[in-house]
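Could you use the hints to bring the two separately framed chains together as a complex?
Each chain, letter by letter, is given below.
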Amino acid sequence: MENNGSREVSFYHDTGKHHGILAWLLSTDHKRIGLQYLAAIVLFFLVGVSLGVLIRLSLISPGTFMGAETYNRLFSVHGIIMIFLFIIPGLPVAFGNFFLPIMLGARDVAFPRLNRFTWWIYLTGATIIALSVLLPGGAPDTGWTFYAPYSIEVKANVGLAVFGVFVLGFSSILTGLNFVTTIHRLRAPGMTWFRMPIFAWTLYATGWVQMLATPVLAITLIFIVLGRVFGVGFFDPSKGGDPILYEHLFWTYSHPAVYIMVLPAMGIISEVIPVFARHRIFGYKAVAYSALGIAIVGYFVWGHHMFTSGMSDTSRAIFSFITFLVAVPSGIKIFNWVSTMYKGSIVMNSPFLFAVSFIFLFSIGGLTGLIIGSLAPNLHLHGTYFIVGHFHYVMFGGAGFALLTALHYWFPKMFGKMYSERPAKIGWLILFIGFNLLYFTMFILGYNGMPRRYFDYPPRYHTGHVLSTIGSWILAVGLIIIFANLIRALFKGEKAPSNPWGGGSFEWQIPSPPPHENFKERPVLKDNGH
Amino acid sequence: MIKVTSRLIIAMTLLAAAAAWGQPGLYGTAGLDEKPGGRIPLDLTFYDENGENIELREVLDKPVILTLVYLDCSHMCPQVLSGLATAVDAMQLTPGKDYRLVTVSFDESDTPVDARNGKANYTTSITRHFPEDAWKFLTGDRENIRRITEAVGIRFKKMDHGFVHPEVLIFISPEGKITEYMNVPKYNYGLAYPVVFSTMEMQMAIGEAAGNEVSATRAGTPLYCFLHEPPGQAKFFSLMKVVGIITLISLAALYVLLKSTGKGRGINGKETDGE
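Heads up: the protein sequence lines correspond to chains A and B, in order. Here the working numbering is used: the first residue of the first sequence is 280, the next is one more, and so on. Here the working numbering is used: the first residue of the second sequence is 58, the next is one more, and so on.
Quick caveat, the hints were computed from the structure, so don't treat them as lab data. Do not take every clue at face value.
Cut-off 16 angstroms, straight-line C-alpha distance, at most; resulting in silico cross-link-like pairs (EDC-like, lysine to aspartate or glutamate) [as the list claims (entries may be wrong)]: (1) Lys292/B x Glu348/A; (2) Lys234/B x Asp100/B; (3) Lys518/A x Glu432/A; (4) Lys434/A x Asp521/A; (5) Lys518/A x Asp100/B.
Derived Cβ-Cβ restraints for the label pairs, each shown as a range [claimed, not checked]: (6) Thr274/B x Gly510/A: 27 to 35 angstroms; (7) Ala309/B x Lys771/A: 47 to 55 angstroms; (8) Ser517/A x Ser295/B: 17 to 25 angstroms; (9) Arg204/B x Ile523/A: 35 to 43 angstroms; (10) Ala309/B x Trp399/A: 54 to 62 angstroms; (11) Ser255/B x Asp592/A: 35 to 43 angstroms; (12) Lys243/B x Tyr578/A: 47 to 55 angstroms; (13) Ala309/B x Lys564/A: 22 to 30 angstroms.
As the structure is a computational prediction, the values presented were derived from the model and not from experiment. Just so you know, even glycine gets a beta-carbon here, dropped at the ideal spot from N, CA and C.
One chain only, chain B, in its complex shape (with noise of 0.2 angstroms):
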């Protein structure tokens, strides 16, 4: 028993250093430098949900809520995106009059119909009257992409899943102002809709970009998207249930050999007894 548990230990200490060789920094270069007051260069230029052309300046015309997504996300930007639609039915607010959403895929190989597949998923759990205008899915090449990215501070990383980066609601003026930064308040396990957004503070931080006030970002650190599975870990289960399948096959093992009678193996409850 000493010497299989000794040879297991080796071999999960060798298996666990493989698995975290090289880890360190992985994901080193995503993150998030918040520039609250920047300014967003209004002549960036991307393509809408219908393909078109559109110059950042003509969605900048109200406060805007802007958030950074790649499409084919499986992980926390859904989860981010749903919490905004929540929020939208839960604020006073009349969205595309008061304010507008916009969100801009950093993924460059997202296309147009990414965009509006995205948009019909989450305007659709909006119940309350939601102009087309309202909330804008742009696409755009890498260029555009990296002046955007780089203007609010995000930086993300292309990984073999997709991508991580941080998820994050950036308030802008309509003269194309930062004014803040709202992190997720926190992750609720369990809900169907888990990313929660205060109504009042998002009304409060959209009322302070339609006064092109800066504000300081609220609270926390931003929640970031990444693959929840590390690499390593899938090797590490399929260790626990070889592990586990020989423990269960020699428990087996025992009871068998001990169901089995043979000579000299005692009289086990029986009813003939030699003596």
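Only chain A is shown next, with the shape it has when bound in the complex (with noise of 0.2 angstroms):
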């Protein structure tokens, strides 16, 4: 199958019938989809990060570059993009929808045109945001997470916000359903269900907590919307509501949320680790199962948000007893990803620095994550910079790592072109420096009780705050060269190889970039690819 690329046009030159935008916007190619996202995830993974250092940079000397008001705003805005613009969609929309149906064998996914329609929704969602922050009447400034009675009361743009999230959720629900039939669908002939790569796997998983965890979120916005124009008590003590009840609904999708961001990048490092470490992956079935474990499990663990904020003492210690289970499951995949490499001839290629590293970053989000679940420690470091802290561990550790580990695993073969080692590797070096002098600083400034979320702090705190923005600016830079040194592939890079790493699942079969069906002929898969 090697270099038969010259003699199939890929999917760049096959347009179909529309030109331009248009045979973007309008194509139901998998991989056209796929691309979108990535640029949008991508856009407002950068618009994210600037916010973010924007933050900081307020945070070494409050009130010197803005104002408390802009503050809030700019941490709410923050974190509305970099949640529900970027790490939810993530991973699945851009990588899933690249990879998924050509990992399977498949042409494409089960609903091509439902697919676009979910691009198209993610547009609208996403359009409806920009304006909640553009509009005269102010950027939300309620935090990402809307709690009521704030943003039923706050004057803000907080209910364009609010309806353009839930907006995004129908995206969400309709990729999930459409990733779950493709993976029921439409496997190729040998492709049993333990064949599967485990990233079909864990967006098999991702797709089920998207269809049955979305609608509580979307439910419990029009409620915040309701409240807002129609004056709707659901939320509201005086009216028969209770404001509880809306940390309850919220969490009940945001927590399994936390999953649907994480699992597609654990089965991404499941991909890459195994490639470069030339070693099957260790357990399989384990590691399958786990993601399964892990979506299940997450669902009753939200009440770990709320500890503090009224719940009985049974409730809490099942909710704290429950928050301890996921850690097995997750505990099996990193046991997993290490043995792996066990007695492997390890290639330290960009890709699995970026993997390791999210083994690293993601054992350290986790392990925090066991201390703040259990319910002592919790009510000490409750809403302070050690929860900031453990959750940027886990998201940007995680779920942003893997989105770098992917970017470079599957640059060459979808974009056809190789890009250069050595400052991906500096950059990946920067990056993981400045990220770790920024967020492991937080976990010792929430220690020392700096609560999250605050203006302005007592000078003891002074020290951290520098050195945490310090570490901002040396992230910034580490991820400026990583970008820069892709953007720079993207023109000048040498054209790729189909399989430049030695990958054994179907994509590394088919040329750089894929034809428009992405197989000549069905494939079939005679060995076991792990």
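Have a look at this one:
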């Protein structure tokens, strides 16, 4: 199959009946849709990072660069963009769209037009959120969680932002449906359930979470809009409602959403590690089942976000216990990744470096999660920078690093170009150092009592904030090098071979970039690829 | 999906509108009009725990911490009285000598038997030596209840579940003068006894009552005792349950549909391939 690329027209050149931008927007090709999603989420990621750097800038000298109100809007919009426009859609819509059908040996997803529709919904939702930030009235300042009653009473454009998130939810639900159906229906001959690439397994678990959890968020957000527009008091005690109910409904979605973000990331790591360790993945079934385990158990832990909000001791003990249970499947995955590397012939290429740092950072994120998941430390650490450090290690160290892993791993396949290794590694190292300086400092700040979301603070926290901000600059330099290297490769990169890393899954058996319908003839999986 | 959602939204709106109808002013008649410096009529008569008639002047012979509750309350009253019992243990002052606790029920259907049970409930948790007379639980008829609640400025309202009313400690001097109102400073979620009074402030207030000095309310707004599950909430939760079950059933149906195999439904990983 090697080097048959020259004889086939890639999907970039096979535009179909439309031309120009319409050839992209109206395309039902999963690869074109995936690339558009990728462009959008990378754009929002970079916008989010810029806002984050501004937040950090404000914190080294509160009041010098911006007022408290601007600061509130800044961290809220940072959160809304990062969570709802970047991480939650993130890896599935970009890499899942591009690679899931190829990995299964299919020509496209099960419902290509529905797929295109989700992209349009995403664009609509993103536009609505952008409007909420830019329109007079002011960007939301409630934090990304839109807690009632503040989100109902505040004057800023919260209604619009909430509606945007509501719209995005449908994109998520339909994508989940599409992927689940694709995995059930479109596997190639020989591709039995337990021969699927792990990435497909994680997308499968994610798809069910998206379908089951996202409607809860949709309803919750509609209640907020009804409260703001019609004064309906679902969360207003004087009208028979309950503000705690909002927190329950919100986290019933938003905790499973953490696994929407992290499961595909774990899938990507499970693809990359075996390829670069030249070793089959250790304990394939355990890794596959642990994805389902995380998805299922993840539904029953939302209460740990609310230990201090008012909850009975029994509920708190149960939620805390189940939270500890999530660590088991996550631990299985980490154990298996490390075991895969054991006695492998490791090739230290940039995708591998990003993947290994994922394991390291995600482990810190996960273990600090156990600290705040236990009741007594939670009372002390709740609402502090410890939490901020924890979820950045999980989200950025996890899903963010997985995005970078995937970009470096699949870049040659997606664009048909090779990037330079050296700048990628330098960028990785700088990013890694900056990341730890930025976020590890937050654990110490939080442990010492610095509350999150505060605009100002007593002098004793100043050193920590300065260190953290310097970390944010180093991190930004790392990201600039990484993305500059990739953008340069787009235009000046050497032509990529069809299988630069020696991967075993289907996408490495077709030309880079792939032709319009992926495979000339239906592929058959003969050997167990793992 | 959109159709279902829009129907759902309409249903929710109607339901919520129905639930919200007539809600404003629900607790309109319950409240607290503080009357620091006001006088308690000493000639009011109540029943004590043994069913004996007792005049207020008989229990007001020393500084008194007065609480007005209803005895079959299962909401805030037990929390406040437990907090008070805890404070008795924590304070250096001697109960029955330096001060007395008086709890009056404003529920005219409460009987001396209820009062005796209530008293036993709270006094047994006190570990220090505690004379029988140091905490009086009084019940009375409508007229005497009306006069004492008016004198201290407490307005309560009868509801289906019981009463809506403010929870406040009222300090009374031996002359029958109201010297201070003390609010519950904070409701500590998660503690076994979530209502905690500051012993220091209580001792100061008792001292001031002994000296007949009137002082301002120290902090906060009164804590209200009310049904924490508002009317309509049960309906709302049943709606959530129904919607949740429908979602689960449709997802289960989707799974069954996807698992079912039939003609023309692809190869789906099977080894036997026609091609």
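Verification of the supplied hints:
For the hint linking Lys292/B to Glu348/A, the alpha-carbon distance of about 39 angstroms lies beyond 16 angstroms, and the restraint is violated. Using a Cα cut-off of 16 angstroms, the hinted pair Lys234/B and Asp100/B holds, with the two alpha carbons roughly 14 angstroms apart. With a CA separation close to 14 angstroms, the supplied pair Lys518/A and Glu432/A stays within the 16 angstroms bound. At roughly 21 angstroms between alpha-carbon atoms, Lys434/A and Asp521/A are farther apart than 16 angstroms, so this suggested pair is violated.
At roughly 42 angstroms between alpha-carbon atoms, Lys518/A and Asp100/B are farther apart than 16 angstroms, so this suggested pair is violated. Range check, Thr274/B to Gly510/A: about 33 angstroms between beta-carbon atoms, so the 27 to 35 angstroms window is met. Judged by the Cβ atoms, the range 47 to 55 angstroms given for Ala309/B and Lys771/A holds: they are separated by roughly 52 angstroms. Separated by about 22 angstroms at the C-beta atoms, Ser517/A and Ser295/B satisfy the suggested range of 17 to 25 angstroms.
Checked against the given bound of 35 to 43 angstroms, the beta carbons of Arg204/B and Ile523/A, roughly 40 angstroms apart, stay inside it. Range check, Ala309/B to Trp399/A: Cβ separation about 29 angstroms, and the 54 to 62 angstroms hint is violated. Here the CB-CB span from Ser255/B to Asp592/A is close to 24 angstroms, at odds with the stated 35 to 43 angstroms. Separation of Lys243/B from Tyr578/A is about 34 angstroms and departs from the stated range, judged on CB atoms against 47 to 55 angstroms.
In this structure the hint that Ala309/B and Lys564/A lie 22 to 30 angstroms apart at CB holds, the actual value being about 24 angstroms.
Checked against the numbered hints listed earlier, the structure breaks hints 1, 4, 5, 10, 11 and 12; every other hint is satisfied.
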